[in-house]
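Protein chains in written order, with the working numbering: chain W, 1 to 106; chain Y, 1 to 491; chain C, 1 to 612.
Everything labelled a hint here was simulated from the structure, so no lab data went into it.
If you're wondering where the values come from, they're calculated on a predicted model, not measured in any experiment.
Any given hint might turn out to be false.
Examples of chain C residues lying across from chain Y (beta carbon under 8 Å, computed) [what the hints assert, rightly or not]:
#: 1; residue: G121
#: 2; residue: Y124
#: 3; residue: E125
#: 4; residue: A130
#: 5; residue: I145
#: 6; residue: L149
#: 7; residue: F152
#: 8; residue: L454
#: 9; residue: A543
#: 10; residue: D547
#: 11; residue: D550
#: 12; residue: D555
#: 13; residue: V558
Lysine to any residue pairs mimicking SDA-like chemistry, simulated, CA-CA at most 25 Å apart [stated by the list, open to error]:
#: 14; chain 1: C; residue 1: K528; chain 2: Y; residue 2: L444
#: 15; chain 1: Y; residue 1: K442; chain 2: C; residue 2: G78
#: 16; chain 1: C; residue 1: K347; chain 2: C; residue 2: D421
#: 17; chain 1: W; residue 1: K93; chain 2: C; residue 2: R574
#: 18; chain 1: C; residue 1: K126; chain 2: Y; residue 2: T366
#: 19; chain 1: C; residue 1: K346; chain 2: C; residue 2: G480
#: 20; chain 1: C; residue 1: K341; chain 2: C; residue 2: G501
#: 21; chain 1: C; residue 1: K346; chain 2: C; residue 2: H432
#: 22; chain 1: C; residue 1: K341; chain 2: C; residue 2: E433
#: 23; chain 1: C; residue 1: K126; chain 2: Y; residue 2: I178
#: 24; chain 1: C; residue 1: K126; chain 2: Y; residue 2: P372
#: 25; chain 1: W; residue 1: K93; chain 2: C; residue 2: H432
The C-beta atom is built at its ideal place from N, Cα and C for all residues, glycine as well.
Now for the letters of each chain:
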Amino acid sequence: MTTLALTGFLGLSAALLGVGVFGILTRRNFILLLIAVEVAMNAAILNFVYFAAFPPNGGSGLSGQAIAVVLIGFAATEVAVGLAIVLALNRLKGTINVAQATDLKL
Amino acid sequence: MLPLISIILATLAVGTVATFFAGARARWVALGVSTVFLIEVALLFAGYTGWPGYSTSLVPGFSDTETYAWIHLSWLRINYAVGVDGISLVLILLTAILQIATVIYSWGETHRPAGYFGLVMLTCLGSFGVFVALDVLLFFLFWEAVLVPMFFLIGYWGGPNRRYAALKFFVYTHVASIVMLVGLLALVFYSGATSFDFSSIYAAARGLAPEVQVFLFLALFFGFAVKFPIVPFHTWLPDAHVEAPTGGSVLLAGLLLKLGGYGLIRWAVEVLPYAIHALQPLLFLIAFLSIIWGSVLALAQRDLKRLVAYSSINHMGIVLLAIALDSSLGLLAAVLLMFAHGIVSGLLFMTSGSVHHQYGTRDIHTLGGLTPTAPGLATLLMAGSLASLGLPALIGFPAEFTAFVATWNGIGYWVLIPLIVLVVTAAFYLWMMQRVLFGPQKGLPAEVPGLPWYESAGMGILLAFTVLFGILPSLLVNVIVNSPVKGFPGT
Amino acid sequence: MGLGVAIAFGEMLSPGTYTNVQITWLHLPPAPGVFPNGFSLVMGTLVDPLSSLMLVVVTVVGFLVMLYSIGYMHTEHGLPRYYAELSLFLAAMTGLVLANNLLEFFLFWELVGVCSYFLIGFYYEKPSAASAAKEAFLVTRVGDIMFLLGIFLFFYAYATAGPNGGWAANGFVFAHNGSPFLAGVMGRNTPLLTVAGLMILGGAAGKSAQFPLHVWLPDAMEGPTTVSALIHAATMVAAGVYLLAVTSVFIGFTPTDQLAIVAVGGFTTLFAASMAVVHPDIKRVIAYSTISQLGYMVLAVGAGFAMVGLYHLFTHAFFKALLFLAAGSVIHALGTQDLFKMGGLKKHMRVTAAAFAIGGLALAGIPPFAGFWSKDDILGSVYSTLGSHPLYWPFFLMAFAAVFLTAYYIFRAWFLAFSGDHIRDPTLPPPHEGPWVMQVPLVILSGFAIVAGLFVFAPGFASLLSGAGIPPTYTPTDLGLSAISVGLGAGGIGLAWSLWGNGRVYVLPDDSALQPLRRLLLNRYYFKVAYDAFGLRVVYTVARGADFFDRFVIDGTVHGFERMFGAASDRLRRMQSGVVSDYAAYVIAGLLAIFVLLLIVGPYVVARLGGA
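Let's have the full structure, built from the sequences with the hints guiding it.
This is the structure:
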């Protein structure tokens, strides 16, 4: 039963990852891109949570939960930095289209 | 016992640094260090313990060995291990002779002399290190240490097309070095040697499977053979020689090519006896190709230095042939040939350089009838050419003779190939002399500066050794044969 | 040099003794494997009948030529160089004569070769001299290579069959009291010895200018006449014959080799003599004559009469040096070598004219001059072998026919230069005899040219000649042959007199059937043209082609790689678009690739290999 449930949950996070990757590949708007990255990241965080609930080899599952919490904090930091870049980009270029932010190209 | 090799290394290292910072007095520092180096090499000869029944060294058969732990991890044992045998001793002598001759010859270098002499010293330091290193990593470090100064010597003090030549030289030899490094590391790890030391690799490599030996040998051979250079990986050599300053050419031909030969003998032939046996036909083919190609191409050259460069390919082809014979006589011949070629090609490059300094060109078609304007230079060029084409009583003859005896002993009538090529070798030298030295004068500037004393002195040193060892080759032979190499009496 | 003379005459007084002194030059001690008995090359001196005979020639002629040079060369520049090179030559030649093994022989052989190179190129400003020097070195080099191979083969034969076994060349010295030990050890006709002997013949042919390596000697006349007399007539070119003699006495030739040697020698006598018949240059006429006479010596050695050949070498050295020095005297006086510009010189240069005539008579084989005894002994000796070797016949006949031509061409030269009553080219300076240092050697050599042949009847010399091998002998058959050959010689002189005597100049009619032959001879059978074409056209073209290949194909490939990597990196550079989502796409593509490798390719490979 547990294995079957785990499979379903993993399918969910795989779907989320797919949505995120699709977003990363297709969006040119920086904010949408950030959202897509967040979605993909949340898929990974969900995986940690699932394995904490169904620990393999009889583990406690605590480490999975701990990492999930750390990652949530991490995602928040990332969004904060990302949005700061968006603001800076908008001030510099007047646009938040990533295709035009190529100043660092050699 | 004094750790003589470390003392020499320290002398050269301190000398190199001192030369770099000596400014206008760099040549005096370089001369002093070279003299000390020569004396120390004499001490090394005097204390050589490789004679039969005399070995007191840590590594069997090697003399003056020193081993100190360098990088020791749980599975990695890299030592600072050095030592000499007869083969390396002779090549060390060559290093010392060429170094002092080059320093004296270049006495008039005014273009950033500190850098120039410092790089010359560094090249010799690296070569000496290669000849004494008995540890794979140490060997590789010194090996690479030779490339860098030569790159700068060509690239900064060279001729008009120096950047191209320097880059070509560096890319060729560096790619070869990397293949060689992979081969050396694979040799260590596949053989299961307990350390990076020559002795432990030597012992462990006996147990390698034949196919593995062949693959390792091919990797090592490629690394060493580009330095030789072998056809068809030879085109860096003429370009590098033409562009290099004279001192650079001398060290390039005299020392760098010898590193390839020495490396092949020490780290491939001795260590992987099965492989050389299995690959003999391939090696012979390459050697014959190099012998013929070098000689025939030299016939078509217009530039004196290119001509000597192609003759180097020819001579190093004979060295490869002698090594590939896999006999003790062949090894003896190979070492003698390397020594002879080092001295003689050094002399020839110096004379070409002097011709350039005197007349502003090295073009054989432009020049003519030099002898009356510069009899001394003409004599030196003639002596070098005659030594290079194997005239008896000069150093080339005993070496080539031994090589041909070894070839005849090993593969019989195939010796005809190098023998017939000898006629071509004679032809291109004689033809060059006819056009450059004899006949009516042409292409000469009105004012010839005259050969400066230091250039004559540098060439004179090399000529003296050419004659000395040509008349008394046993001085070298007795050292070489007392080496811990299969088939030599020392074992 | 005085020491050499002393040794030589000392040896003459105590014939048949061998004095052998040697040191080890290059030695490898014995070790298991390749050197069971070590490997040793020695340098030593061996004084025996052969070498003492040569030593007399080298030192006497050398001394006289040095003396003559003082007069002949006094107006030249570069005299220190001249005397230094001449002295080096004499030292090397003495070393060659005294060598006690083949390797040492080769060493000095090369040294005399290089001295010859220097001296032919003495007037190096002249392009023809520089070219002749190069040609001489190269052509003899071809022979030297064969010689070297011959040495290897003999070393090898000795190593496998010799008493010591292994590569102990130490035992390989010429100290076997005149027995051909190698042939004795290995049997008379093994293929290895045959090839080795042929190679030795090749070396000798290069040095002694035998067919087909003869082209360099006439061109070597670009050097000073003194050099031609010493090196290119009396001593160095005789070294080839000496080599053959030494080899035949100490090592032994197989019958096949002997036939080849006889063929080369016999053919060369006639071949070279025919070219001398038409040549207008006084020195080249004598040069062809040298080639022809060396052919006689080679013939004798090949037929198994080494000492007879050396006997002719001995007499020839004196009269040929005499001829050259007399010609040098003429050249010194007139400044030209063209016979057709000379004439009537006997009135002005009596000593020279007499000397040239004595030399010519000796060369033509008129008794009692030196050449008669030795040349007729060669003919007689070879004749005595004809019964057992029918193949010798044509070469014997060639040598016989060459007697007639020899007498003809040398007296053609004499009549053209000395007879008549005036010089044909009036622009030449008035002729005069040279200083005494030039006349004294002429007189001394004339004396030798008269009596050297008679030495064979002196007891000491005769036993010296019998010291190694079959000595010169005279039998009734020889006398009959001698009569014929003297007759031929006299006929040749007579023909020369009728065509050229008394200042006459015989002009071959333009419609004569002999014109094509004359052109062929004047062009030296087109050998030089062919060799030059081979060297310049074929070899140089191949070299240029190879150079092209090297520059454009090999280096072109290198540059192709360079361009390929350059272009590839140019493409790769464009991937860096600066667009963040592109980079993200690369990251994802990389991730996918890792997944594919880990999850699909990896298990597949493990499944295929792991099971094994």
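Are there hints from earlier that the structure breaks, and if so, what are their numbers?
8, 14, 19, 23, 25
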